[in-house]
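Reconstruct the complex from the two isolated chains, following the hints.
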Amino acid sequence: MKYLLLICGDENGDFSGVDLDPTAWVEEMTARGVRKDGDRLAPTSAATTVRMDGASVLVSDGPFAETKEQVGGFDIIEAADLDEAIEIASKHPVVQIGTIEIRPFWGQ
Amino acid sequence: MTERDAGVDEAVAAAFRTEWGRIVATLIRTTGDWDLAEECAQDAFARALETWPAGIPDKPGAWLTTVARNRALDRMRRAGVEAAKLREVAALPGPDAPAADDSGIVDDRLRLVFTCCHPALPVEARVALTLRTLAGLTTAEIARALLTSEPTMAKRLVRAKHKIRAAGIPYRVPAAEALPERLDGVLAVVYLLFNEGYAASAGEVLIRRRLCDEALRLAGLLVRLLPCSETFGLAALLLLQHSRRDARVDRHGRLVTLDQQDRSRWDQEAIDDGLALLERAGGEGPYALQARIAACHATAPTARTTDWRRIVDLYTTLLEVTGSPVVALNRAVAVGMAHGPQANLSLVEELESSGDLAGYHLLPAVRGDLLERSGRLDEARESYARALALATNEPDRDHLRRLIAHGRP
Chain A
0 MKYLLLICGD ENGDFSGVDL DPTAWVEEMT ARGVRKDGDR LAPTSAATTV RMDGASVLVS
60 DGPFAETKEQ VGGFDIIEAA DLDEAIEIAS KHPVVQIGTI EIRPFWGQ
Chain B
0 MTERDAGVDE AVAAAFRTEW GRIVATLIRT TGDWDLAEEC AQDAFARALE TWPAGIPDKP
60 GAWLTTVARN RALDRMRRAG VEAAKLREVA ALPGPDAPAA DDSGIVDDRL RLVFTCCHPA
120 LPVEARVALT LRTLAGLTTA EIARALLTSE PTMAKRLVRA KHKIRAAGIP YRVPAAEALP
180 ERLDGVLAVV YLLFNEGYAA SAGEVLIRRR LCDEALRLAG LLVRLLPCSE TFGLAALLLL
240 QHSRRDARVD RHGRLVTLDQ QDRSRWDQEA IDDGLALLER AGGEGPYALQ ARIAACHATA
300 PTARTTDWRR IVDLYTTLLE VTGSPVVALN RAVAVGMAHG PQANLSLVEE LESSGDLAGY
360 HLLPAVRGDL LERSGRLDEA RESYARALAL ATNEPDRDHL RRLIAHGRP
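Order-wise, the sequence lines are chains A and B. Under numbering that gives the first Met the number 0, think of the first position of the first sequence as 0, with each following residue one higher. Under numbering that gives the first Met the number 0, think of the first position of the second sequence as 0, with each following residue one higher.
Be a bit skeptical, because a hint or two may be false.
[What the hints assert, rightly or not] Simulated crosslink set (DSSO-like; lysine-lysine; CA at most 30 Å straight-line): (1) B/162 - A/90; (2) B/160 - A/90; (3) B/162 - A/1; (4) B/162 - B/58; (5) A/35 - A/90; (6) B/84 - A/1; (7) B/84 - B/58; (8) A/90 - A/1; (9) A/1 - A/35; (10) A/35 - B/160; (11) B/162 - A/35; (12) A/90 - A/67; (13) B/154 - A/1; (14) A/67 - A/1; (15) B/84 - B/162; (16) B/160 - A/1; (17) A/67 - A/35; (18) A/67 - B/162.
Simulated from the structure, these hints should not be mistaken for laboratory data.
With the rest of the complex left out, here is chain B (with noise of 0.2 Å):
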């Protein structure tokens, strides 16, 4: 490849992570053509491929909305289309107009991304639509990232796109009184979309970086497109899990627990712009929380140094907020380390008699954590192997049977 190819490629790539979600955002919009917008957007990237080794235009996002508009134009011109429908497309932002984000007037992105992530659709088609709409991964790249076969996922993407139309899911951004809580549902999806991309799994650590970076990306989007607590948070709190993604596993690819990372790995930039954010994160929602609890993680030189009083505190507003059992378990392990593992065993006992948590690993994982630091160690390996036989994750079912053969490094 030649150095001149090389920069073509770089640029289309840039504009492609850019301005895909932005082209596709006001298409649909314009059209209400999903697959439309979507295969005039491809058409427009790959028209860049061809015609930018010529040159690369100045404005490569208002070339790129230019061809893909009159893309749609010609072929919705060809199927008949009327002409009304037509001067609607035509009239999309030309190449001179202000960029969306300051002229005041609604983001396209931000009326996709609530339509996406409509509490009318299924979760896992929320999380489809989102990575192929606003991301612009293919559906062969979506169904690797979260683990299911392309045809599956091409089905579940026509059936979303299929019950939008049917159902008359509109495409606008909620009105006020329904805007806090459709707004939760749109934070829920980038969250697990970060989570699918952090919970690393082995031979398939680049498409699911990918989903960090996109969930990474999408809380940005948010956070200038809507700026309030929920959303700062949300991006705080992503940031600063990000922070220690080079840090939480080894060279051989094994899972490091946070009370062995080296910290000198952590992601001092991230830190600092998480830190920012959370500044402007009021408010007791659960993202703000998290990430509060995230923050003493990452501005604590060391584990033992950690101000885990300050996290079981935030721990126990969050859990009245929330009222999840994973929370509650999560209380119980910071309680151990503020007091001693006598005093959050009871706590665990309590979360396993309730039943809340049948099923999840890290429940029997941590108790054998605590039997082990209390020196009950045959007592602590039983808990580790019943453990083991729920986790699913290859890294955590690793770190598991290492515990179980050496114990706590």
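Isolated chain A, as found in the complex (with noise of 0.2 Å):
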């Protein structure tokens, strides 16, 4: 199945002496033939968003939502099931100190 890995956490956090690079993760992932695609996003104060407001489209600054921790990149990965897919996300260095949410794709 496929999934999307949304790699959250407080882009604000101070998170010296945690080694966050997902170097090693990346090639483990991408050998193991699980990880398809992948990247890193810009902090959210380059974030756009539009809606319609009945025919006009409106713009405005900054993320969807405001929340405590931000989608700050996306991984996209091929797992048997579920628990595959858990096994991988728990091995990415961000899940020390954020939050991984695990989507799968529409209509599998």
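Following this line, the structure appears as structure tokens:
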């Protein structure tokens, strides 16, 4: 099954002393054939949201919701089932300080 | 009803208790369709009620499995399911296949219990799914047992099954490295089920008792399928608590506390079985420790002669393992029994100032008991009144009202 991992954390937090470099994880999961794609995102200060208000486009500054943790990156994985997805996510360095949301793709 | 019909009803009911979970579990594995599995199992039992009056089959379980499987094949064929999938369902063990328990093959019920109790499901859904699929309670029965409405419960079950499908929650026993943690989750659901049933609520006594019975049955199943310290510990704990079921309410349905119970009304057979299971529960897991505490009570001739010092030691270890403030409170009670009420008033006050148990009625109830034992009656009544304001369960509330009015019996 295909899952999206939303890598979330407090982008203003001070995590000095915690090794958050995902390179080793990316290499391991890519070699295992489970990680298909992924990247890091610019902070939410660079985010813009768009909605429709009647017929006009409403553009505003910031992410879609103010939350304690923000989406800072994503990975697309192909796992046998949720247990394998959990195992993969739990090895990502960000789980030490943040949260990873596992979302299956629609209609599988 | 004729004698013969009564015999058939009894046979179907007995088969339901032993076979329902097994049939549903196997059909879920082979068809991947939870609703189909439940409906076909239901159909098989309905057929049994119709045809068994002409003669009860020699192997009721095999008969029911065959009927349920054929029903599933029928419905899948009609729905246009491809041939390969049908062959898989048709390859279900037939009437002469050995029972799954002694074949060394993983019992499908073990897969089912791990799926139902998956941590990715909300806790209430875990309990409801377990009751529906493994124990075969109807949605209406589960709703009544868990004090919610039938539509709410139906929605909860639909949502849980949908999540299992959409999120890809697997149907298997977890890999060895994840097993201990996931087993903890399963045991927690079984314990929760038992406690839901044990917290007797007036008017719903029968359905509540059913929860205890199902929890005991599940604990027994886990002991057989996954024998390890903690499964033995949980099964022992449940049996030892269950042994006191008749003594913990009086003939007016009122709560009787442990020290006031007529110990001759404890179920000695359940105690013996519980103690035998406990011998196989080594280690210092939370269930084994709680079972050892329950065993101290179960083997004490009177409340006074209970080995309270050992109970304090066991609670001390349990507190280290769990860090739970409820355990800290129970430990404080045991300290009071071992060393007198003054010894633990300070422990209770410590807990009060920590704020960890704010809103928990047993904290002021325990404080009231200690004050009363120390002869500080007015303060005791005040504490009982605070407990009453927090308690939600009617037998507890009734007990507290009597304490306020008359003090300890």
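Outcome of the hint check:
1. A threshold of 30 Å between alpha carbons decides the hint, and for residue 162 of chain B with residue 90 of chain A the separation of about 24 Å falls inside it, so the pair holds.
2. Between residue 160 of chain B and residue 90 of chain A the alpha-carbon distance is near 28 Å, which keeps this suggested pair within the 30 Å criterion.
3. The hinted pair formed by residue 162 of chain B and residue 1 of chain A meets the criterion: a straight-line CA distance of about 15 Å does not exceed 30 Å.
4. Simply put, residue 162 of chain B and residue 58 of chain B have alpha-carbon atoms about 36 Å apart, too far for the 30 Å limit, and the pair is violated.
5. The hinted pair formed by residue 35 of chain A and residue 90 of chain A meets the criterion: a straight-line CA distance of about 16 Å does not exceed 30 Å.
6. Distance restraint check for residue 84 of chain B and residue 1 of chain A: the Cα-Cα separation of roughly 23 Å lies within the 30 Å cut-off, and the hinted pair is therefore satisfied.
7. A distance of roughly 27 Å separates the Cα atoms of residue 84 of chain B and residue 58 of chain B; the hinted pair therefore holds under the 30 Å criterion.
8. The hinted pair formed by residue 90 of chain A and residue 1 of chain A meets the criterion: a straight-line CA distance of about 18 Å does not exceed 30 Å.
9. Between residue 1 of chain A and residue 35 of chain A, the direct Cα distance comes to roughly 9 Å. Compliance with the 30 Å bound is thereby established for this hinted pair.
10. Distance hint between residue 35 of chain A and residue 160 of chain B is fulfilled; the C-alpha atoms sit about 28 Å from each other, no more than 30 Å.
11. A hinted pair counts as satisfied when its Cα atoms are at most 30 Å apart, and residue 162 of chain B with residue 35 of chain A qualifies at roughly 24 Å.
12. Among the hinted pairs, residue 90 of chain A with residue 67 of chain A is consistent with the structure: their alpha-carbon atoms are about 22 Å apart, no more than 30 Å.
13. Among the hinted pairs, residue 154 of chain B with residue 1 of chain A is consistent with the structure: their alpha-carbon atoms are about 27 Å apart, no more than 30 Å.
14. Using a Cα cut-off of 30 Å, the hinted pair residue 67 of chain A and residue 1 of chain A holds, with the two alpha carbons roughly 27 Å apart.
15. Between residue 84 of chain B and residue 162 of chain B, the direct Cα distance comes to roughly 23 Å. Compliance with the 30 Å bound is thereby established for this hinted pair.
16. Proximity of residue 160 of chain B to residue 1 of chain A is assessed by CA-CA distance (about 19 Å); at most 30 Å being required, the pair is judged to hold.
17. The suggested pairing of residue 67 of chain A with residue 35 of chain A holds, with an alpha-carbon distance near 28 Å, which does not exceed 30 Å.
18. Of the supplied pair hints, the one linking residue 67 of chain A and residue 162 of chain B holds, its CA atoms being roughly 26 Å apart against a limit of 30 Å.
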